[in-house]
Amino acid sequence: MTLKWGVLGAGSVAQRRAMPAIQKATGAELHALFSRDAERAKLLASQHNATTSYHNVDDLLNDASLDAIYVSTPVNLHCEQVIAAAERGLHVLCDKPMALIPQECKLMIDACNKNSVHLQVCFLFRFHSCFQQIKTWVDENRLGQIVHARMPFLKQYLLKDDEWRAQPDKGGGGCLMDLGAHSVDLLRYIIGEAKEVSAFCDSSIHNYEVEETGAILIRFENGAQAFTDLSFSVAQCDTVFEIYGTEGTVTVVNDNGWKINTYFDGEKQVISSEYEDLYQHQFEHFTECVTTGISPMASGNDGLRTNTILAAAYQSAKTGQVVSC
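To get my numbering, take the position in the sequence shown, counting from 1, and add 1081.
Please keep in mind that the hints were generated in silico from the structure rather than gathered at the bench. All the given hints hold, so there is nothing to weed out.
DMTMM-like mimics (lysine to aspartate or glutamate), calculated; alpha carbons at most 25 Å apart, straight line:
(1) Lys-1187 / Glu-1168
(2) Lys-1251 / Asp-1191
(3) Lys-1216 / Glu-1302
Produce the complete structure using the sequences and hints provided.
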């Protein structure tokens, strides 16, 4: 089965990653894309070999040839657009964070369930083989009881005043929402369900309206703790992921490609990881879910839980209190 995709929001990420991945993925075809500028939409369609283009959202969603929509617009538009797609019977892949607030996530899930369409959230790290291997080790108790984990997501990204990520009402926040959505989800995917959080954040360097640096400490129901440090304002960070258990330790570092360092039974082993197109994996998994009915690796409920944890983190940063999630 081949799904014909429409891309709603043909911005830089969609152009660099998502649309090329659709073209490479088995069981996927780039049928249409949307851009508010009609000429730009036509140009992008030509560049990415899409069948057609639209500069009106309703026209895209009403295209009878479409099977699925990839929603890659500013976060404040996700809820309305996902619901509109679901009501037209279109399967939905929604970029992260899923929505501005948890209540919107619930509306999106309800709409997709009511219209019997598949909903998946773009949590890419879940699809990397190294994290799937780490999850397997954790599930098999290879690391023993998990004590602590850390996922730094620190990068250099200068926000422009007119972009949606710099505007709280459009992006929902800064680095906690944009980067933290990925790290919070991955920590929860590997370790288990979160119980409570403590967080702090600021914009002391650039004085953005949204936070440029922050940190979230998470306590899990199984007693493990994890920390994710986040920033748009650092020069470089080579550490990708760390997890520590009573019987073993695993770290992932970016050293001319990702490398997994394992410490089991007193012995260290280094496993190199080849480049993987996580967007391609994601679109192929999506087709498999629609075709076979298997549960998605990153569901709408996963998106809801991440939004709930992030909302608790913002409340903690504001009040200085530990907040249940």
